[in-house]
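Residue-level listing of the chains:
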Amino acid sequence: MKSIKDLLSKITVENIKIELMRTAYGNKDTFMGKLDPRVAIVWYLIFAIIPWLFWNNTILLGFLLYMVVLLSISRVSPLIIILLAFGLVTEAGYIIFVSVMFGGDLTAAMALLTFTLKLTIISLASIAVFASMDPEKFSDALMSFRLPGQVCFGISYGYRMLPILIEEYNNIFNSFRLRGKVPEDRGVIHWKRVVYYCKTAVFAFYPMMLNTAKRTRTTVEALEVKGFTYSLKHEEVRKLKLSYLRVQPRDIYFFIFTIFLIITVIYIGHLYPIEREIHPL
Amino acid sequence: MNTLISVKDLSFKYPGGTENILNRVNVEINKKDFTAVIGSNGSGKTTLCKAFNGLIPHFYVGDIKGEVIVDGLNTREHSVSELSKKTAYVYQDFENQLVRPTVFDEVTFAPLSFGMKDFKERGQLALEMLDLTSIKDEFIWQLSGGQKHLVALASVLSLDPEAIIIDEPVAQLDPVNAKKIYEKLKLLNEAYGKTIIVIEHHTEFIGEYCKKVIMMDKGQVVWQKPTKDALNNVGELIEKDIFPPQVTQAIHRLYQNNILLPITLSEGIDFLKNHPVSIAQQPYPEKVKKLPTPIVSLEGVTHGYKTLNRGMNYVFTDLDLSLYEGDRVAIVGSNGAGKSTLLKMITGIIKPKHGNVFVCGENAGNTPPEKLSEKVTYIYQNPEEMFIEDSIRKDIEYFLKVRDVPDTEQFFSKLVERFHLKEIENKDGRLLSGGQQRRSSMAIGLGMRPQVILLDEPTASLDISSRKEMLLMLEQLKDSVKTVVVATHDMQLVAEWANRVIVMDQGEIVKDGSSHDIFSDVALLEKASIQAPQIIKLGQALNLNPVPLSVDAFVSCLVAESGEEKLEIY
Amino acid sequence: MSHLRSQQLSQSQKLMVFILSMSLFGIANIITEITPEFVLGPVELSVSYFAFVPLTMVFLFSPLHAALGAPLGEIIFADLLMGDFGGLGELEGFIEFGMGMYVAGLLVKDPTNKKQLALGALIGVGIDQMLSTIVDVGKVWFGIEELEAVPGVAESILVLEGISFTTEMLISGVLFGLIPTLWLVPKLYGKIEPLMGFEPRNPATFRSSAEVINVKFIIPAVFLGFVAMIAEFMATLDVNFAVWEPEFIDQFGMQFLWVGVSAAAIVLLVAIIGIVKLKNSQNPQDKSKGA
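Chains as they are written, first to last, in UniProt numbering: chain A, 1 to 281; chain B, 1 to 570; chain C, 1 to 291.
None of these hints come from the bench; they were simulated from the model. Only a predicted model underlies this, so the values are computations on that prediction, with no experimental measurement involved. There may be inaccurate statements among the hints.
Straight-line distance between alpha carbons at most 25 Å, and here's what the computed PhoX-like set of lysine-lysine pairs gives [unchecked claim]:
id: 1; chain 1: A; residue 1: Lys214; chain 2: B; residue 2: Lys427
id: 2; chain 1: C; residue 1: Lys14; chain 2: C; residue 2: Lys191
id: 3; chain 1: B; residue 1: Lys240; chain 2: A; residue 2: Lys199
To give a feel for the contact side, a few chain B residues facing chain C, derived at Cβ under 10 Å [unchecked claim]:
id: 4; residue: Phe59
id: 5; residue: Tyr60
id: 6; residue: Val61
id: 7; residue: Asp428
id: 8; residue: Arg430
id: 9; residue: Leu431
Chain B residues, not near chain C, derived (Cβ > 10 Å throughout) [claimed, not checked]:
id: 10; residue: Gln92
id: 11; residue: Asp479
id: 12; residue: Gly513
Each residue gets a CB set at the ideal place from its N, CA and C atoms; glycine is no exception.
Generate coordinates for the entire structure from the input sequences, incorporating the hints supplied.
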């Protein structure tokens, strides 16, 4: 199957590195990227929770508008937003479609629209914050929220090891291909080939696990020598590591503005509500 | 007090192990020493060095007797954290030792983890000492192997340790980068007063840089001598599978009597100035005749990778190359010259963006690698990536078994025998020694009955005896395979084995000729950053033409004027 | 000295298991991310994760650290670093999946026992899927005001969740969970541990009795939660079921609905049998160990 082969060939080290570089060099100098990571995360948490508290479409639309404006100044590619919206809308579409089969009507559509609006706001908020956040800063922010040191370390470790591990997997996968045999008979919709590639992808994990185990041992030994365990046990190390994080005036202004905006939107929403009519049972 | 590390009656057994890896070791290492630890595989070199920084007994909880004192601290009573400020360790697989995304993060990681307030200054200083400030903000995954090794060194240097232990620096690096590392170590030793301990079996580097040598065998220290004395023990070294520098070997064979042998190139040149030799000129070797139809041909091949801004980064543009029956091709050139990409293109794993690759009449551009592998075999640089089954025997059989080829038992048994794998055929490849892994990967390759065999760095990280074995296997390949292609940094291998050398530089073939052509072109060597083997440099210094490519050839075209009979002892 | 002593992992060994599990499942997720999907309307046939990777880890090593590492690997490698981080949604996934894997690991006492492995694999993925169904349904419930007043939506959600639960159990649970795990674990057991410098797991290793007791609470709790959620939801349907006009849709819809519920019932049954068996097999070994 041609498309599968194409897809598999995409797991090249080069492509992954490019993705990583996008994350690494991506939109760091955007407005959201320059915020203190802790402030950004708190901001996100507010918008991950607040949409669940309102069923008033005016309020939700207000938040949506805020997100769209923020995203546009964060230079997030419009494609991402469109894809996201498309995904959420089709999902709602299926629910509406099936509910019509169960005797639903347009109230269902309205209800779902509100629901989808909530999900969209939350997703956009996460894109606004995390698409432009440096993984290192993210990990430090988590550390300052007192998440376990292992978790925070995991982020930067993944950042470091991903290309190596992908290359290794790629080599092993190719090792299978260089000695394997593609089924000559392709079967209906190439299913035999699909099975061949899936099986190979699974089989490749046997060598992968053993090789990674060997690799991990050196890493942990090196961590031990470099004082990683020591750092987990000593509070002053955490403070030293996080000493560079400082809340700037811009963070405070942004935060105050956001609170003000939330209050305004809620107020306007109450004045001019667009609400679903609730049919009595 | 001048002693830095003192080991007293140290014995150690790994948990679950049956034998002592270290057996009553007694040794002392002084401050500001530059010591090499040598010995064959399994002699306990690495284990001893891990006892210096406390990983033994704190990380490996085995049975331990005796004691190790590092700078006044007993390793048993002090934690790894404390000891790591005294001794630092750079691993052989240093890539896995780098745990942070960027260079500066990496070099500040250790001092930061120990809560040192001046962690930034320490990182900066380490970078300056090794001349790495220019790559301070780079991501680790963008660096070359040589740079990564230096960063690994810098990251342990930031704790300002007394001693630095480096496990086989040359194994994973090309000769140019290896030399760079040694130059830095020399600097650290001389200018910063660091004690350096290397685990090494490349005696040319030992001769050039180390002051003392510790010889280990079967878990014991056999002797500890100044380098000059150590490398003069030619007979004993060879008995332990350690080969003295080519210069030393050559002079030793020319002058059997008890003279003090030179151990570096410059000493060798001086020596020959004072001990004139007469030259028995050898004829030029015959050039191989090319058969009209190539087995592999690349026509106008262009290939590249996407870059961040969706542009292309070209590895090759419009590359033409033909390989013929009987060719023993060595492809050389620095890292990133495109050697591996070229090999993978012949296997069909990488498809060219433009142009055609033909392999035994098949167009590799539209033939899946599964099909091409019936003609071509690719042997990975890291044999572990070839072990896809849980035993060597199954790995060798895999290719023909999935193709349901009948009556193969005898063929496989012969292969197993030929590569001396009988005792280990039921083991998983990952549990074998480096040499055994190489042998196995060769057997797996030949188990596919190829016409063309491609090898990526077949001699990397092999000890000298396994390397000899490898050379012998490559020699024997000509009976079963039409064309052999090797991508390598190992110039001794190139000089002694190849009949055709292709020099690549930034995706271009800058020279295609015999070993003689390549090694006599000094400008080319410079351009492609190739280090000619010591024996060739010695021959060039004597103006030998054609320059002898191996110690054998060198010895056979020189006659010591003192009149002594030269003896063949190897 | 008893060979079956309960092995205490050192800090760095725990870290090793954690990092290994994280790296492997991270890579596995990048691979599943690019595998193709077949979408037939609301039915999506795709490999959502290679469950066998973390399952193998929790069966071979310390369940807690392997179970924590795996979902973290997914979040870091496949989401955060590929620029696709979902915020709080990731936390949901972390808890659901981590709990599933942890329970799976604790259910297995002897990695050479295929029955235990199979049971552990199914329950592990089952818990993850049930928790995520609970969360999904809960979100709709909470997110849509007076859900029972909107005709059709509740049924629709249940049907879609039922379909997704069933396909997930089949693809991720069985095809890419159970089957590869049964193949991998015996192959790796006794081989991967020495590479990392510790002894292979034995019946007494890595599971404290307190942990095992917890498992016996977690599994019923998740099942009860799952069943309760569906039952509550069903209650809101009563009125609407009557409204259905064409009979075939009626039957069709019912069948769909019951797929999810019966899948849950089957898993529950298997789990109960398994726990009982485990309990029985535990006793004689305990005695022999006591020596």
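Open item on the list: Of the numbered hints stated earlier in the document, which are not met by this structure?
Closed with: Checked against the structure, the only hint that fails is number 3, while the rest are satisfied.
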